[in-house]
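Guided by the hints, dock chain G onto chain Z, whose structure is given.
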Amino acid sequence: MDLGTFLWTTFAVFLTMATFSFLYKDNPFYKFAEHLVVGVSAGYFVVILWFNGLIPNLFQRLADGDWYLLWLNSSKPWYIIPAILGIMMWARFSKKYAWLSRWPMALYIGISTGLAIPLTMSNQVNKQLYATMVKIDWAHFFGHGSFNLLDTTSGFSQLIIFVGTIASLIYFFFSKAHKGVFGAVAKFGIWTLMIGFGASFGFTVMARISLFINRMQDVKDWGKVAFNYSGNNQNYSVWFPIVFWLFILFVIAYIIYEIGYYLRSRTNKA
Amino acid sequence: MKRQIPFALVFIFGFFTIFQYFVPHESSEWVYEFLLDWILIIGIFALALGIWSLWRVSIDKINNRRPNWGYSYVTLAGLFLMIIFGFTAKNGDSWGYYFPFVIAVLLVIIMLIQTIKAKGQSKILYIGLALLFLIISILIGYFDKSWSIHFSTSEGLKNTMFQDFFDYILIPILSTMFSLLAFFIASAAYRAFRARNVLATILLVAALIVMLRFNFYLPGAEYFARTSTWLMNVPNLAANRAIVIGIGLGVVATALKVILGIERGYMGKG
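If you're matching them up, the sequences are chains Z and G in order. Under the numbering used here, the final residue of the first sequence carries the number 270; numbering is consecutive throughout. Under the numbering used here, the final residue of the second sequence carries the number 1270; numbering is consecutive throughout.
I should point out that these hints are in silico values taken from the structure, not numbers from a laboratory. Owing to the predicted nature of the structure, the values given are computational and were not obtained by experimental measurement. Keep in mind that the hints are not guaranteed to be accurate.
What the hints assert, rightly or not - Derived pair list, reagent style BS3-like, types lysine-lysine, alpha-carbon separation capped at 25 Å:
#1 Z:Lys95 - G:Lys1117
#2 G:Lys1061 - Z:Lys95
#3 Z:Lys25 - G:Lys1117
#4 Z:Lys31 - G:Lys1117
Okay, chain Z solo, but in the shape it has when bound (with noise of 0.2 Å):
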């Protein structure tokens, strides 16, 4: 690693400290590191989308014809419809015609609702629906093999997914009152659903909580490159040490000013 990855490094472990800090308190350097983020992910989408989507969707459908003439003499002219559409919704700008945007977005709306409806009830509704009434494995109802009910291709674990999916859904069943067998039903329906939002959860803290250590790892692995830990950097210098120990001392004043801010702050109030 050369020294100036080194400080692009740093750099990410100044940014991934002021994102941290926010647990303390909103602070200049968290606001830094929050606005930061807006404008480069602002910028990063602008590059993307015109390189990935209007270049090879437009650009290069019109790329045959002639600017000069509108492009009309290209092969595909009737690209440049959704282009003029795509112009209209700028109207916004405009208080006096910013109606004209309407337009692009009702064919917008249109088309994507047109295309929701049997693309959902094909995905979300009926291809879940045939996944969920598999024919029960009574042969292998309590696992292969050794009993085990943790078998999850067991056929009570199928019955538990047909019975848990259908209660569930009476559950969302309002237009009639969860009484007697219903609301028996509904009842293990909700057990089911509460299984699901705790595990959900379980699972979306982990989730983040690697992401935690994933972020540490990367500082651990800064300190290691700073200090040539694994002796095989043939781009070491002394600049690295110097460099990690500055910034060390740049946090160690934050956190003084900060203690000394909050000290000042309780005598003013006592």
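Leaving out everything else, chain G in the frame of chain Z:
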């Protein structure tokens, strides 16, 4: 007229898109792909609205000296730096006068911001400075052959500065922000998770089992892992399926309401 035509467009394109889904003819496939391109192109043009909005909000904060106005410069710098890096690329080993060019472009933007804010004589001064820096950046871009501007090819995506901004700014901040949620979720869970009744207990136990599954220091760690896998793949699957089916039916109902003109919120006022 201003509202009727958009409603008609939604109705016509919505029903046409549903209809074409069931027509297994190659012309129908062609129309389908064409319409997909349409909404993609219109959607990308709409991004300009977002960037314009970000610019206006930032300028408004700077000009009116609203709280934390200084950070708006950070946002705008991040945005424009990413755009400049994304559309430029190095031609050889040397950067030449690339960084003076970047600074000159940033100065043009800063002077433009100052021009919006300034009044009287100083307005002319800032316009003059903006023009000066613009001429400097054009001259550098014209005479410096060590780098070039690319709008039609994705050379800019290989620009090391663009990649460094992505690797050392965007990714660290975004992953740290997501990992921050672990602490907030844990803190919220500590306050909210109480075994008050059977349902809350089921939720709590399911979450705990899933969270403890990777902890190999616990006695019965393997049992936790297997139970967690079963919870994720059986009851959680059933609950999620019910939710997905419910969402799917909701999407279809809402889409139909939009196509039939019952739901008109997307049209806005006026």
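Fill in: Structure versus earlier hints, numbers of those that do not hold, lowest first
Failing hint: just 3.
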